[in-house]
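S.K.: Residue 5 is where the sequence shown starts when you use this note's numbering, and the numbers rise one by one after that.
Accuracy of the hints is not assured; some may be wrong.
Claimed, not checked - Derived DEER-like restraints, expressed as beta-carbon distance ranges: (1) 402 - 438: 31 to 39 Å; (2) 401 - 540: 37 to 45 Å; (3) 295 - 69: 30 to 38 Å; (4) 522 - 401: 49 to 57 Å; (5) 72 - 431: 42 to 50 Å.
Calculated from the structure, these hints are not laboratory results. Note that CB positions come from ideal geometry on N, CA and C, so glycine has one too.
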Amino acid sequence: MVLVQRLVDFALFVLCVLAIVSVGAAALRRLALFGLSRLEQVTLSLGLGALVVAYSILLFGFLGWLHRTVFYLWLGFCYAVGATELVRLWRAKHFPPPFSEAWGDLTRTERCWVWWLVALNLLAMVLCFVPPWQFEWDSLSYHLAVPKLYWMEGRIHYIAFSHHAQFPMTAQMLYLLGLGLTNLKSAAVAKLFHWLFFVLCQLTLLSWGVAVSGRSFRLGITAAVLFASLPLAFTEAVTAYVDLATTAFGLLCLFCLCRYHHQPDGRWLLLSGLFAGATAGTKYTGLLLLPLLVLFSLWAMKRIGERHWFALVVSALAALAIAAPWYVKNWLWTKNPVFPFAYGIFDGRNWSAEMALTYTLSNREFGGSRDLLALLSLPLNLSLNEVRFGRCAREWMGRCPQRRTCRMRWKCGKFDNQDVPSLTIGILPLALAPTAIVAAIGEGIPFAVTLPTLTMLAWFVWWFWEVQYLRYLLPALGCLAVLLGWGVSRLVGRGLLTTVIVRVTITVGLGYALLVAVWQAAPLLPVAIGLVPDEEFLRETTPIYRVAEFVNSALPRRSVIATYGVPLGYYFERRYFWADSGHNRLIRYERLQGVRDLVREWERLQVSHVIIDWAFVPRESELGRWIEEGKAQGLVETVWEEGSREVLEVARRRKP
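Could you put together the complete structure from these sequences and hints?
M.R.: Next comes the structure, spelled out in structure tokens:
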């Protein structure tokens, strides 16, 4: 049965991808851009189609049409409008060649890199069939949990308990499609959509060679290989996160701007605007691209001597229109378009100044200090995945006077919550940086490489100052891949020694990346291919799953659950909300005097049960004391307990 479910999931995913490419190709055909290669057609169609389908799901959600019948009808409509274009993409032979070089012009080593790339993508695809587990923390807490709540409700609605639910969710609309098509039986289709964005990043980077003079195949291949070699990118590809979606749309925006410079046509500006809006629609950080869109467009027009003012205005308006639904929704529901950020400007529903400050400081505690020494040593620190040179962020902020004995060593001086090889950038970015520097000194940087380089620097400045969390840097690393790919393509062939050093360096780096990927995949592959049942795997690796099994089997369907220290709600099939004071203000804890006040608040919110994980809620805390008092007074009763996790039932009648 497990293998059958895997095959059904894969078939549904292929059905969705073909529908996405179909509707995207139909939209691209309406623009009637001249001289596109098949590679560019497929890449742009995939990006446009993903955008169209995601925003269609958003519309259906607002209308309360979240139903499998609606989804299948919509996919059928996508085929109806784009089937002809899909067939043309497959069969037509009149596409111009994308590059001046052909497959036969690549060396044997470079061809091995390409096959390495194919193998890595296939491995990542297979791992997407592993059910979301403890390592995929954000998937279980909101990337998949929020779309599941939408599906269970049949509509997109205000989720008050999680500020994450107010983030832009263009990618999550595709996850909602995947969850809906399987009727919540599997998350594989949803996870495969994020893998699809991983592939789209590589296709965009591969296409980048078209935008430079000489139409370099080697540049595109090298850029795609270098990006895929990032262990962080591979790890993201097997989860239902959103950073690869942000990266893919951002790269598409910049690619279209580069193509506009190479082929002055205002329709390229329109495409760049659409993808800039999509970037801002996947993550707040995508807003950084909106001002860059206007500045780079003006610069490109100045360089080519064209004045496509109308196209520029339409591009900017398109970007705003695509991004707007998420920010307007937030304004209507929370009175803050970028909730929970910018609280000092907009305020926000179910939030406070103290919570906003705590959240900001919590984000800034990652990584190192924000001084000159930290900036200069950052390339080494990033490669080592730890602040080895300079002060950690908490020490710089005055919140960690003794770094080596810090109580938050899992976070102190780290660029992620977990210090594992799969959450690093690998060795190639630092090792290949000299190639780009030497090439730039020797002949200057072309416009198609300057644009992503400037974007990388702007993104890096924001990241360095605001939040040094590694995966937020992925869009900048995608831009870096273009720069490094160009540097390698310019240096290879200049001399035997240089060529050998560069190729050996890349090959060693790819070998390391493959080792990390295999290390990560080895314990998961038996689960992915169905040799180990999903339930058995989740019981052993994801403690909250055992809680969910009890909740889903033993509690009444109308139960309402308040959770403390338990944000991973994806596997719950009952209504729940995060009741911790740091997540929202549904319960005003500052007004409570004791356990009876707390129980009255639970009753107001129709809470029937409470789940608490004592590993994250100290028993000596005020809440811990109240829970114990409630047990003694018969206000709450333990109905299930395992390890540090406990399920309590709120008594229907309180003792006098």
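S.K.: For each hint, tell me whether it holds in the structure or not.
M.R.: Hints and how they fare:
no.	hint	in the structure
1	402 - 438: 31 to 39 Å	holds (37 Å)
2	401 - 540: 37 to 45 Å	holds (44 Å)
3	295 - 69: 30 to 38 Å	holds (36 Å)
4	522 - 401: 49 to 57 Å	violated (38 Å)
5	72 - 431: 42 to 50 Å	holds (46 Å)
Hint check: a violation occurs at hint 4 only; the rest are consistent with the structure.
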